[in-house]
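Novice: Here is what each chain is made of, one letter per residue.
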Amino acid sequence: MSDTQAQTVAFVRETEIPPSPPPIREAGAVKWVRENLFSGWFNTIMTLVALYIILRIVIGVFPWFFNGVWDAGSIRECRDILEGATGACFAVLVDRWDHLLFGFNYPQDAYWRPTLAFVLLILAAVPALFYMYVPSKFLIGTALYPFLAYWLLWGGTLWLPIAVLAAIILTGVVFRLVESMTVSTRTIVAGIVGLVAGVGLAYLLYLGAKELWFISTSIGTGGAFAGLMSLVFKAFSIFTYVFFIPMGIFVGYAIYQSASDGGLVTLVTSLLAIALMMLYAVGPVSGVLNGIIPIELAAVESRQMGGFMLCMMLGAVCVSLSIPLGIVLALGRQSSMPLIKGVCIVFIEFVRGVPLITLLFVANVMLAYFFPPGSGLDLFLRVVIMITMFSAAYIAEVIRGGLAALPKGQYEAADSLGLNYAQATRLIILPQALKISIPGIVNVAVGLFKDTTLVSVISMFDIVGMIRGPIQQSTDWISIYWEPYLFAATCFFIVCYSISQYSQWLERQLQTDHH
Amino acid sequence: MTTLADQPVTASNESFKLSMLLNDTRYRSLTFQFIALVAIIAFMAFVGGNLVRNLTEAGLNISYAFLGEPSGYDINQRPIEYDSQSSHGRAAVVGLLNTLIVAFLACVTATIFGVIAGVLRLSNNWIVSKLMSFYVEIFRNVPVLIWILIIFSVMINVAPSPRDFRGDDAVASMWLFDSIAVTNRGVYLPKPVMGDGSMIVLAVFALSVIGIFAFRNYARKQLFDHGRMVPVFWPSIGLFFIPAILTQFVLGNPITLSYPSLQGFNFRGGITILGSLIALWFALAIYTGAFIAENVRAGIQAISKGQTEAAAALGLRPNRIMSLVVLPQALRVIIPPLISQYLNITKNSSLAIAVGYMDVTGTLGGITLLQTGRAIETILLLMAFYLTVSLLISFFMNVFNNRMKLQER
Chain A
1 MSDTQAQTVA FVRETEIPPS PPPIREAGAV KWVRENLFSG WFNTIMTLVA
51 LYIILRIVIG VFPWFFNGVW DAGSIRECRD ILEGATGACF AVLVDRWDHL
101 LFGFNYPQDA YWRPTLAFVL LILAAVPALF YMYVPSKFLI GTALYPFLAY
151 WLLWGGTLWL PIAVLAAIIL TGVVFRLVES MTVSTRTIVA GIVGLVAGVG
201 LAYLLYLGAK ELWFISTSIG TGGAFAGLMS LVFKAFSIFT YVFFIPMGIF
251 VGYAIYQSAS DGGLVTLVTS LLAIALMMLY AVGPVSGVLN GIIPIELAAV
301 ESRQMGGFML CMMLGAVCVS LSIPLGIVLA LGRQSSMPLI KGVCIVFIEF
351 VRGVPLITLL FVANVMLAYF FPPGSGLDLF LRVVIMITMF SAAYIAEVIR
401 GGLAALPKGQ YEAADSLGLN YAQATRLIIL PQALKISIPG IVNVAVGLFK
451 DTTLVSVISM FDIVGMIRGP IQQSTDWISI YWEPYLFAAT CFFIVCYSIS
501 QYSQWLERQL QTDHH
Chain B
516 MTTLADQPVT ASNESFKLSM LLNDTRYRSL TFQFIALVAI IAFMAFVGGN
566 LVRNLTEAGL NISYAFLGEP SGYDINQRPI EYDSQSSHGR AAVVGLLNTL
616 IVAFLACVTA TIFGVIAGVL RLSNNWIVSK LMSFYVEIFR NVPVLIWILI
666 IFSVMINVAP SPRDFRGDDA VASMWLFDSI AVTNRGVYLP KPVMGDGSMI
716 VLAVFALSVI GIFAFRNYAR KQLFDHGRMV PVFWPSIGLF FIPAILTQFV
766 LGNPITLSYP SLQGFNFRGG ITILGSLIAL WFALAIYTGA FIAENVRAGI
816 QAISKGQTEA AAALGLRPNR IMSLVVLPQA LRVIIPPLIS QYLNITKNSS
866 LAIAVGYMDV TGTLGGITLL QTGRAIETIL LLMAFYLTVS LLISFFMNVF
916 NNRMKLQER
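Top to bottom, those sequences are chains A and B.
What the first sequence shows, in the numbering used here, is residues 1 to 515, in sequence order.
What the second sequence shows, in the numbering used here, is residues 516 to 924, in sequence order.
Just so you know, not all the hints are guaranteed correct.
Claimed, not checked - Label pairs and their calculated CB-CB ranges:
no.	chain 1	residue 1	chain 2	residue 2	range
1	A	PHE42	B	VAL623	51 to 57 Å
2	B	ALA551	A	PRO431	52 to 58 Å
3	A	VAL49	B	VAL623	21 to 27 Å
4	A	TRP32	B	VAL708	56 to 62 Å
5	A	THR475	B	ILE595	53 to 59 Å
6	B	SER838	A	ARG426	32 to 38 Å
7	B	PHE720	A	VAL49	45 to 51 Å
8	A	ARG426	B	ASN916	52 to 58 Å
9	B	ALA554	A	GLU349	41 to 47 Å
The hints are simulated quantities; they were obtained by calculation from the structure and are not laboratory data.
Built from N, CA and C at the ideal position, the CB exists for glycine as well.
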């Protein structure tokens, strides 16, 4: 280097001096702490307050948690072991583990059944939740799960769910069969089905008209309101009497007429097929099959179920039922037909306006009045009906938001492609609207799952009901509260937090626009 | 009502074929609606017929006469005159007022919790923001019923019983110069007693509140018209307190406080806030506060960063940026979900039944239902009540929302 210089210089540094480290206050953890925690007097106070709160929580919780007694028979034994020191009495969880999870009435030798159902639920959920990574053939397992879970939880013969499944598959076969017939064959089918459906409908309407007249005569006394209602029902009755024959003829004719394009006749035939099979074939066939090859589990009634299992069951069943119902309600609310729109609006706003507890009261004391005398729907089923209606209304609102968020061009593009309403909805509108609605639907689902604890108010023994009833009122564990409630809270937290994390992950996966 | 009979008339100028009812889009929606109408009527026939049969079988009828009969039960919190000889209808009204009380208290408190937590969650103080996300996640993911029960259990198990205040070596003592007693039955507060001339004090107070608004208007006018900044905060505080307190002194203390005191087994005098009310109020507030915090956070984050930067470029200080630029815009995003949180509080207040707070679900839907056995009537009334309250709240909040909304041309 020095060769290039004109004169020889005494000293030229040939390398850079390594940079000296920044002052300690401007680097690493110290800098981070200064900038994030103590950047001003206000921030400093906030940090100190937060640290104090955390300290108080730690001081309060840690000794209590780590001194916890896990092995004792009663709350007095617990206190004797602790000898006045602070400590939790987790022994109640050990002692009443089964009760907290399964309720106090579930047969003990059958605990493996709900446990297996729970494990299978997770396995069955995986293909649906992570459908982009799991081959779609595993979805068959998900579809089979409800039948298996029903059998595991309620027991009875395995042939019953199998028969129901077979009926559903057969209906699918009938659908395909009618769809693929030649027009001339289908005309014959349409004639027969139209005749049966028309006559059946006319007969049902005739019964309805009679029933309406019966109602109007039974409420006709006492007060102006009852008189008015009676008149309304009389009018409905006369309306139905006038129209039951034209309706029957019209529907029969419509089915017959649809033979050329096949839409209606296929649908009605399938519906008739499944109704007939469910009513007359499923029970006897499963009985006969069980007679030949008995595969049975001891039957367990719904009222024997309880604990966290009950919350899981209600949550899973009601969420999966309320999503399709919610979609239908949302589409109904968007419909251009005033009557259908009106009915959906009234239903949604009514359900959203009242607390779930009142709907559970309806399930508990009122719903039985609306079913034929002696039909004896069990409480579980009634609660499922009401919770499903409740969450369907909320899901409908979420999906309506998704539908409204779609650009109008999507609807117009679908129309211009010549798609009819059903095709446009199924292929264009719903996939996009549902994608937008996923976070909202998950919120509703989490809320619904948390709300399953409310059934403890109508004396069902879910996990909260178990704690408030059989545990807190037993002589052994009288008025113990922190440990069982914290356990229940932890159970719910784990499930709800994982669901909401999953939904955030799914949202990122589905993001197709650029950010 | 559209019926099949109408349709041929409307289409008389064309040759009408029955098949057009299905295949012609002009008529198809009418057909579908007609079928839906028939289905609804059939459903009503099914449900109504069963109802009538079931009621006759059980020997019941639908009648609201029970509302006039004496209820025969006591209610532990009575905003209006009520005793066990009062009617079921009055019990329902008492319950209704109790619902509104707890809902109102919880709405106000939840908003405060929610706004604080939501703003702090965005703080760049790491510990504070983590603490707040911890609060939000913990409370949002656990059922509110469990929170209500936990807080209620803690109250009745940890707070001292009135007995502990007795004697010279009392275990517990009252707070704030013997004016507030916190017991496991509830909290006892001093109660204002209106003496002669107290109306004057109240009138002065009302006038000074009006005065505050007038002063703020004047200050704004000064700012906009003459560009003069008139200090607002401290004069407002002064106006709020000083005139009323002065009048109180000049008139010789017409408004006095009656302090709660231990008599027999319980405290008497003063205002009682039941333990169940506190548990419900606090649980609803802290639970819904977590949801409101999320709404507030989302609202603030929805305001684009350019707004903050533009305000900073104009030379506004951070707290002015927040109050003049970010919050007014964020409020528009926050208010609609806030309305639904208020509705949720009102509806969740029906969980009072779990802790024995006598709201309308506890009186009308609880004891009245059990005593009279009139399930259908009471539940319908209950639903009608909640429906009315929900619709009213959403109506008023929507009016408010429309006033806050950006006025677009």
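Novice: All hints are to be evaluated individually against the structure, with a verdict given for each.
Specialist: Verification of the supplied hints:
| no. | hint | verdict |
| --- | --- | --- |
| 1 | A/PHE42 x B/VAL623: 51 to 57 Å | 25 Å, violated |
| 2 | B/ALA551 x A/PRO431: 52 to 58 Å | 26 Å, violated |
| 3 | A/VAL49 x B/VAL623: 21 to 27 Å | 23 Å, holds |
| 4 | A/TRP32 x B/VAL708: 56 to 62 Å | 57 Å, holds |
| 5 | A/THR475 x B/ILE595: 53 to 59 Å | 42 Å, violated |
| 6 | B/SER838 x A/ARG426: 32 to 38 Å | 49 Å, violated |
| 7 | B/PHE720 x A/VAL49: 45 to 51 Å | 34 Å, violated |
| 8 | A/ARG426 x B/ASN916: 52 to 58 Å | 35 Å, violated |
| 9 | B/ALA554 x A/GLU349: 41 to 47 Å | 20 Å, violated |
Checked against the numbered hints listed earlier, the structure breaks hints 1, 2, 5, 6, 7, 8 and 9; every other hint is satisfied.
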